[in-house]
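Chemist: Listed below, chain by chain, are the residues.
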Amino acid sequence: MIEKSLPKPFVREVARTTWYLTRRRDRMHMAQELSSIFIGGYALLLLWGVKALAAGPEAYQAFLTSLGSPLSLGLHWLVLAVTLFHTVSWFGVTPKAMPVQIGEAFLPGGIIVGGHYVVWIALSLFILFVAGVFNGG
Amino acid sequence: MARSNKPLVWSLFAAGGTVAAFVLPALVLITLMAGYGQVPASLSYEDMRTFAGGWLGKLVVFGVITLCLWHAAHRLRTALHGLGLRADGAVAVVGYGIAAAGTFLSVYYLLRI
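Keeping their order, the protein sequence lines are chains A and B.
Positions 0 to 136 (numbering that gives the first Met the number 0) are the ones given, in order, by the first sequence.
Positions 0 to 112 (numbering that gives the first Met the number 0) are the ones given, in order, by the second sequence.
Keep in mind that a hint or two might mislead.
[As the list claims (entries may be wrong)] Okay, derived cross-link-like pairs now, DSBU-like style, lysine-lysine, Cα gap no bigger than 35 Å in a straight line:
id : chain 1 : residue 1 : chain 2 : residue 2
1  : B       : Lys57     : B       : Lys5
2  : A       : Lys50     : B       : Lys57
3  : A       : Lys95     : B       : Lys57
4  : B       : Lys5      : A       : Lys50
5  : A       : Lys95     : B       : Lys5
Please keep in mind that the hints were generated in silico from the structure rather than gathered at the bench.
This is chain A alone, in the form it adopts within the complex:
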C-alpha cells in the first residue's frame, strides 16, 4: 500500500470551541455570524408590532409604549450598532459575492461597495422621510 510508505501526516490541532479567538479575521467572521441573533430578534419585534397593529388601537399603543422600556431602549442601541456592523461587513464582501465584469475587465471593488453605500443612504433617507421623521416632530 502507498499509504504505508508515506510519512505520518501532519495533523493541526484546532480547538473546537475557541478556534475563532486567535486570528482577527476569524473573530470578525464569528462576530458577523453572531450578528444574526440580533437581526432575527429585531424581526421578531417587528412581527410583534404587526400582531399589535392587527389587534387594534389599544394593542398598538401598548406596543409603542413598550418600546420605551429600559430593556427595549438598551437593546435598541445594541441592535443599532449590530445592524450598522452588519451593513458595513455585508457591503464589504459584495465585490467577491457579485463581481461585475465589463468586457475583459472587472469593475473595481471600490465602485461596487461605494454604489451600495449610495443606495443605502438614499434608501435610509427615503424610509425616514416616509416615516415622517423629518416632519418636525
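With chain A's structure known, arrange chain B on it following the hints.
Modeler: Okay, now just chain B, sitting in the frame of chain A:
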C-alpha cells in the same frame, strides 16, 4: 461566507442579509425614536393601518420580517456549528421552525389588517 448545499435556504439567507443591510439601520432608528417618545408621524395607528392595509405595504412588511428571520436562522445554524456545537439537526429544526412559524404568523396577522 457560509455555503450550503440547499440553494433555497442559502438564497433566503443571502436575500435576508441584503434586505437587513439596506433597511434595518433606518427601521431601528425609527423604533428607537418611538421608544424615546418621539414617535414619527407615520407610525400612528391610522397611518400604519393604511400602509399595511395595501398589498404593496403587506408585501414590504412580509418581505422584511420573513427574509430577516430566514437569514438569522441559517446564519445562526452555521454560527453554532462554528462555536463547536455538534447538534446540527436539532439546531436546523428549531431555527428553521421559528422562521417558518414567523412566516406563517406574519401572513396571518397581515391578512387581518
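Chemist: Confirm or reject each hint.
Modeler: Okay, the hints, checked on the actual structure:
no., hint, verdict
1, B:Lys57 to B:Lys5, "holds (28 Å)"
2, A:Lys50 to B:Lys57, "holds (13 Å)"
3, A:Lys95 to B:Lys57, "holds (33 Å)"
4, B:Lys5 to A:Lys50, "holds (31 Å)"
5, A:Lys95 to B:Lys5, "holds (21 Å)"
In summary, the structure agrees with every hint in the numbered list given earlier.
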